[in-house]
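The task is simple: from the sequences and hints, build the whole structure.
Those protein sequence lines, which keep their order, are chains A and B.
Using my numbering, the final residue of the first sequence is 583, and nothing's skipped along the way.
Using my numbering, the final residue of the second sequence is 481, and nothing's skipped along the way.
Read the hints as simulated data drawn from the structure, not as lab findings.
Glycine included, each C-beta is placed from N, C-alpha and C at the ideal position.
Be a bit skeptical, because a hint or two may be false.
[Stated by the list, open to error] Where chain A lies over chain B, by a calculated footprint (3+ residues, C-beta under 8 Å):
(1) 421-427
(2) 448-460
[Unchecked claim] Quick list of simulated restraints, FRET-style, between CB atoms:
(3) Pro352(B) to Gly547(A): 27 to 37 Å
(4) Gly547(A) to Ala293(B): 49 to 59 Å
(5) Thr507(A) to Asp380(B): 15 to 25 Å
(6) Ala552(A) to Pro290(B): 46 to 56 Å
(7) Thr507(A) to Ala439(B): 42 to 52 Å
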Amino acid sequence: MNVPTLFGLCAAALVGLGLYGVITNPQPLRKILAFNLIGNGVFLLFGAIARRGTAAGFGGDPVPHGLLITGIVVAFSATALAVALLLRLFQATGTATLADDQPTSVESDNRDPYQVAEKLGVLRRAQSPP
Amino acid sequence: MTIASALALILALLLVAIAAWTIAARQTFAAVVGFVAYGLLLSIGWVALSAIDVALTEAAIGSGLTGVLLIGAAARLRTTEAALSAERPGAPLRWLAAAASVAVAGAIAIGVLSLPDPAPTLAPAVAEHLPSIGLGNAVTAVLLAYRGIDTLLESIVVVFALIGVWSLAPDHLWGGYPGPRQYADPNGILAYLARVLPPIGIIVGLYIFWVGADLPGGKFQGATILAAMWLLAIMAGLADAPPISRTWLRILLVAGPLLFIAIGFAGALTAGAVLAYPDGYAKLLIKVIEAALVPTLTLTLALLVAGAPERTAPP
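Structure (structure tokens):
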């Protein structure tokens, strides 16, 4: 078996492992990690295909290599956004669950007493400041 | 079996084994550390596939910055782990997920084994036009000339991602400092490294950006190293990320993409197509664009790791 085929099969295994992790792991952070494994698998498959396209003195097709660099950077941005959403969920609710039967609590870090009171329904509209 | 293919086989098996560990590990922190090791092995895999530029990007961004981001999040979410692991789905769903995963992996494997021969390739087309651009590194030529539109949109996407992260700030923290303030022992090893490494790292980062025209490297890899040096100083408590309301910060964040767009549209007048370069000026314009993107990317990548504002803005 040659090297590109070997890494192609490795990529297939990574996608499979990542998919299993995304479905079964209840922790959002682990889902993000597993999603990165799927992404790595897709990238590695693309890299193996690029390696097969060796020609004109290049070690691999440079067009997929360029697209892969773009892909890795975009995957990082998406991961950073997902982690920020998760940390915000944790700050706002004190938990990081994705289960939809969890009660939503008032933001623990909200220091504006008026907003907290409004959310709790303590204040009436008539009492609102001008 | 040659030594090279034997090493590749060991590498592929290690990759799958560590990937399985990051899925199966009980503790999230252990899984994330496994993911960093896996990312470094994966960059060796890229070298085995003769994709040196991708290997540098994977080591710097895929493993390094993603690792820092996930380790930081794992540490902050540690208290939620026990409650969440109780939500683990039952055996039937897990078996169903396993069956679906095996089916998807199997379908991809069948695809890999039945790829067309000879493989399609754009390498001759790139080689044919490379002299007219004047770059020695074909991957940089692809990124900034043949597929310039991808790189332009990507440089905008990272800034959009940062705006997305910032927009998660509660109203009263808008404009404030990103993330918690970091403290470390001023005489400890972290503070020591944060003083010793950045001078070397900044040189290495700028060098990797500069040689990207002719050798493996480029703005993404160089900017990531620069961002890592800044993050190191932030984590050691020697520096602090700027409040997101700073005008200089916002100007630098959009300067790179704006210059890229300006040069791209100027190409419509001078070279007959958007994102085309006039004859003889391709290499110069590409280095100008890359040089303008380095500060933007350095700030964006570091601030994506620093996260949403969590401390109030200064008066």
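Hint by hint, here is what the structure shows:
1. 421-427: violated (count 0)
2. 448-460: violated (count 0)
3. Pro352(B) to Gly547(A): 27 to 37 Å: Cβ of Pro352(B) to Cβ of Gly547(A): about 33 Å, so the range 27 to 37 Å holds.
4. Gly547(A) to Ala293(B): 49 to 59 Å: This hint holds: roughly 58 Å between Cβ atoms.
5. Thr507(A) to Asp380(B): 15 to 25 Å: 20 Å, holds
6. Ala552(A) to Pro290(B): 46 to 56 Å: Given about 54 Å between the Cβ atoms, the range holds.
7. Thr507(A) to Ala439(B): 42 to 52 Å: About 30 Å separates the Cβ atoms of Thr507(A) and Ala439(B), which means 42 to 52 Å is violated.
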